[in-house]
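Next come the chains, spelled out residue by residue.
2 protein chains.
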Amino acid sequence: MKIKGFSFSAVEAGIRYSDRLDLGLIYSDIPCVTAGLFTTSQVKAAPVIIDKERLKGTYAQAILVNSGCANACTGDKGMEVAMATSALASEALGISDDLVQISSTGVIGEQLNLEAFEQSMPKLVKELSADNFERVAQAIMTTDTVLKIAQTRVNVGGKDVKIMGMAKGAGMIMPNMATMLAFIFTDAQINFAELHKSLVKASDRTFNRITIDGDTSTNDMVLVMANGTAENPLIDGGSPQDLQLFQDGLEVVLKDLALQIVSDGEGATKTITIKVCGAKENQDAEKMARTIATSSLVKTAFFGEDANWGRILAAMGRCGVRFDPNRVDISFGNVLIVKDGLSLGAEEETAASLVLKEKNFTVCVDLKDGPGCDEVFTCDFSIDYVKINADYRS
Amino acid sequence: MKIKGFSFSAVEAGIRYSDRLDLGLIYSDIPCVTAGLFTTSQVKAAPVIIDKERLKGTYAQAILVNSGCANACTGDKGMEVAMATSALASEALGISDDLVQISSTGVIGEQLNLEAFEQSMPKLVKELSADNFERVAQAIMTTDTVLKIAQTRVNVGGKDVKIMGMAKGAGMIMPNMATMLAFIFTDAQINFAELHKSLVKASDRTFNRITIDGDTSTNDMVLVMANGTAENPLIDGGSPQDLQLFQDGLEVVLKDLALQIVSDGEGATKTITIKVCGAKENQDAEKMARTIATSSLVKTAFFGEDANWGRILAAMGRCGVRFDPNRVDISFGNVLIVKDGLSLGAEEETAASLVLKEKNFTVCVDLKDGPGCDEVFTCDFSIDYVKINADYRS
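Those protein sequences? They're chains A and B, same order as listed. Counting from 1, position 130 in the first sequence corresponds to residue 130 in this note's numbering; the numbering is continuous, with no gaps. If you want this note's numbering, it's the position in the second sequence, counting the first as 1, plus 394.
Worth flagging that the hints you see were computed from the coordinates, not collected in a lab. Please note that the accuracy of each hint is not assured.
Said to hold, decoys possible - Here are the simulated distance ranges between beta carbons:
#  : chain 1 : residue 1 : chain 2 : residue 2 : range
1  : B       : Y411      : A       : N326      : 45 to 55 Å
2  : B       : R599      : A       : A87       : 51 to 61 Å
3  : B       : G469      : A       : D204      : 29 to 39 Å
4  : B       : R599      : A       : K280      : 52 to 62 Å
5  : A       : L354      : B       : K591      : 48 to 58 Å
6  : A       : K123      : B       : G764      : 18 to 28 Å
7  : B       : E474      : A       : D324      : 37 to 47 Å
8  : A       : T40       : B       : G764      : 50 to 60 Å
9  : B       : A478      : A       : R327      : 34 to 44 Å
10 : B       : I443      : A       : V146      : 46 to 56 Å
What the hints assert, rightly or not - So these bits of chain A aren't anywhere near chain B, every CB distance computed over 12 Å:
#  : residue
11 : K56
12 : D160
13 : G237
14 : D248
15 : L297
16 : R318
17 : D324
18 : D366
Just so it is clear, the structure is predicted and the values come from calculations on it, not from any experiment. No residue lacks a Cβ here, since even glycine has one placed at the ideal position from N, Cα and C.
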């Protein structure tokens, strides 16, 4: 899919490694209404600080993104270099600095290689093309093993509105935007307020529901740029139905990307949906689902394909949500193995073990105490996770 | 060391596995003033529920403890079986049921093998001896690879007071008593109120400061039994100095056991003290130290012997304690590698990498924002941790 007005390019800039795409540029022919969400960490990388400030203007026209170096914990020097890279892009593109969003991912604590940006900028601008979407998606990968892109279309007021996006992220992934970058493009005509609202809602149900290792990055961001070329009736405060259509479409793309991120979690062999029902409130269900989804013991049991529901109950017991252990039901896929807090026996456990051999399955916990429901997406915790993270910098 | 009046025995009862000690009995000739701390999990194993109730009487005379089965999530049947095991011990020993504490560790969700207890009880009672302390310490091991015992002496009012203890625990270890059992014995004469207070204080600075995998068990308990045979002046509300002496001694034993537990953490190759200074309050320092000590990314970097301070700062950034990233200093051992939020360079990182090759070292974070200090003890996160926990039940 292509969206009129957006072009892309990526080069091997040699920022940290040679022989790999590590610098990408995304450009819109016209300024786009742009909304962003950023890491909640107190330790924010230089580009995050700059982008947040610039997005107060609600418009952007380009994204310059690199892998290999996070430009986080780099102090004043890091801010200077980040501004310098942005200036290189704005000059080469002939647009205002304020319309450039910058983004970095990679190792924390090292200064960005400005020279690599300087040398690459002419080629980067020259090669801008609607065809290079996937090359940028490739350039932002770090420990990712697969490229992550998604797209959908929605009909708004008789017009075909396209939404497409790319993402990276495989570790340090946890609620609230952990080392994850996602860039979404749409030709929708939409006001900033509605675009921002849609992004917050859709992220909350997708990117903020995934966890790989419980860590949160300094560099996370999701940007959505809308250039309005679909010529749909403007989505604003007075068009709740169109807003809903757009938001649903955005959620489709974000959920697709979020699940791609979890299934490519560092070392992951499985993607698991942890669903908690029957809680007093939705937020209780969410808290419990997150605790189960983050437990190292639960995740290693998934890796071992062991229907170890005792570890799930143990995680529930420490999550801070009140519940009656004697009313809890637990299912793996369609197999109920715990009823009213007790094991249903060896036969059910064997059936559940078969579910655990699948690449994707759902674990459902029912507290039978109210209408509260929520779900979180996680992956298993494998030997390769440790290998990847023990070796990441070497 | 032996303490007059206490005797021990352990047998191969075949509770889950054959050919290993898995059932232990601890007996005091006279009822002991006994204090206990138990898991904070809402999901409590049957023995925990029974023991807590019984300890309201402030006395105990025996502990019956098994490995192989946790008797947790076992419902009414589990409670009945737990009571039956206790009755077997009280009858065989000729003491009141209320004076028997019971304790289990092992797999969750399976019923306890009562027959194994019935068959073993005569032998267990017959073999009670002051010499069998270490055999019980062995019987309570699960994934532990080494036996954990500790002892000290303090002088209270001219009398030699002994304190000795045993512990088990290697996974599902996290603040607040996670799958950890510890049994402490002393000949001190001490009131229940002071014994309990000492146990709470000493545990808070030792057992509650260790973390292996962030999970909390359903079965944790620490018991301390005091039989008074040292004939020291009674430690009560009117003897603060003696109380302090006793409490310091208890802390020595508990800290020794706590560090043994961390260094035997499942798959652990290193023991690391995470120290946070310069926080506004001690509790801020504690919260931050715990977040660093629990981060999978920090712990895998320790395993990889990588002085990856960026992951430490990333963990700090999400811990919920406010601080200025631009004032942070970080040291590995005596090597300062981050000053005012910035790397001091490659030379310091190389020096820090040498510190990481040690079996034990300290990581110190200074926020330079106040007098608050605290420390937490952790271990690295290795490939073997995953192997152990993926295979635990098979």
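Hints, one by one, checked against the model:
1. Between Y411 of chain B and N326 of chain A the C-beta distance comes to about 29 Å, which lies outside the given range of 45 to 55 Å.
2. Restraint check, R599 of chain B to A87 of chain A: a C-beta distance of roughly 53 Å satisfies the suggested window 51 to 61 Å.
3. Between G469 of chain B and D204 of chain A the C-beta distance comes to about 37 Å, which sits within the given range of 29 to 39 Å.
4. Range check, R599 of chain B to K280 of chain A: Cβ separation about 36 Å, and the 52 to 62 Å hint is violated.
5. Distance hint check: the CB atoms of L354 of chain A and K591 of chain B are about 52 Å apart, consistent with the given range 48 to 58 Å.
6. For the hinted restraint 18 to 28 Å between K123 of chain A and G764 of chain B, the CB-CB distance of approximately 51 Å leaves it violated.
7. Checked against the given bound of 37 to 47 Å, the beta carbons of E474 of chain B and D324 of chain A, roughly 20 Å apart, lie outside it.
8. Here the CB-CB span from T40 of chain A to G764 of chain B is close to 23 Å, at odds with the stated 50 to 60 Å.
9. The given range of 34 to 44 Å is broken by A478 of chain B and R327 of chain A, whose C-beta atoms sit roughly 25 Å from each other.
10. About 48 Å separates the C-beta atoms of I443 of chain B and V146 of chain A, a value consistent with the hinted range of 46 to 56 Å.
11. For K56 of chain A, the non-interface assignment is confirmed: its Cβ lies about 22 Å from the closest Cβ of chain B, beyond the 12 Å cut-off.
12. With a closest Cβ-Cβ approach of about 41 Å to chain B, D160 of chain A is found to remain outside the 12 Å limit, as its non-interface label requires.
13. For G237 of chain A, the condition that its CB be more than 12 Å from all CB atoms of chain B holds, with the nearest at approximately 34 Å.
14. Against chain B, the non-interface label of D248 of chain A holds: every CB pair exceeds 12 Å, the least being about 31 Å.
15. Annotated as non-interface, L297 of chain A brings its C-beta within 12 Å of a C-beta of chain B; the closest such distance is 5 Å.
16. The non-interface label for R318 of chain A is inconsistent with chain B: the shortest C-beta to C-beta separation is roughly 4 Å, within 12 Å.
17. Not every beta carbon of chain B lies more than 12 Å from that of D324 of chain A, the smallest distance being close to 9 Å; the non-interface claim is violated.
18. Every beta carbon of chain B lies more than 12 Å from that of D366 of chain A, the smallest distance being close to 15 Å; the non-interface claim holds.
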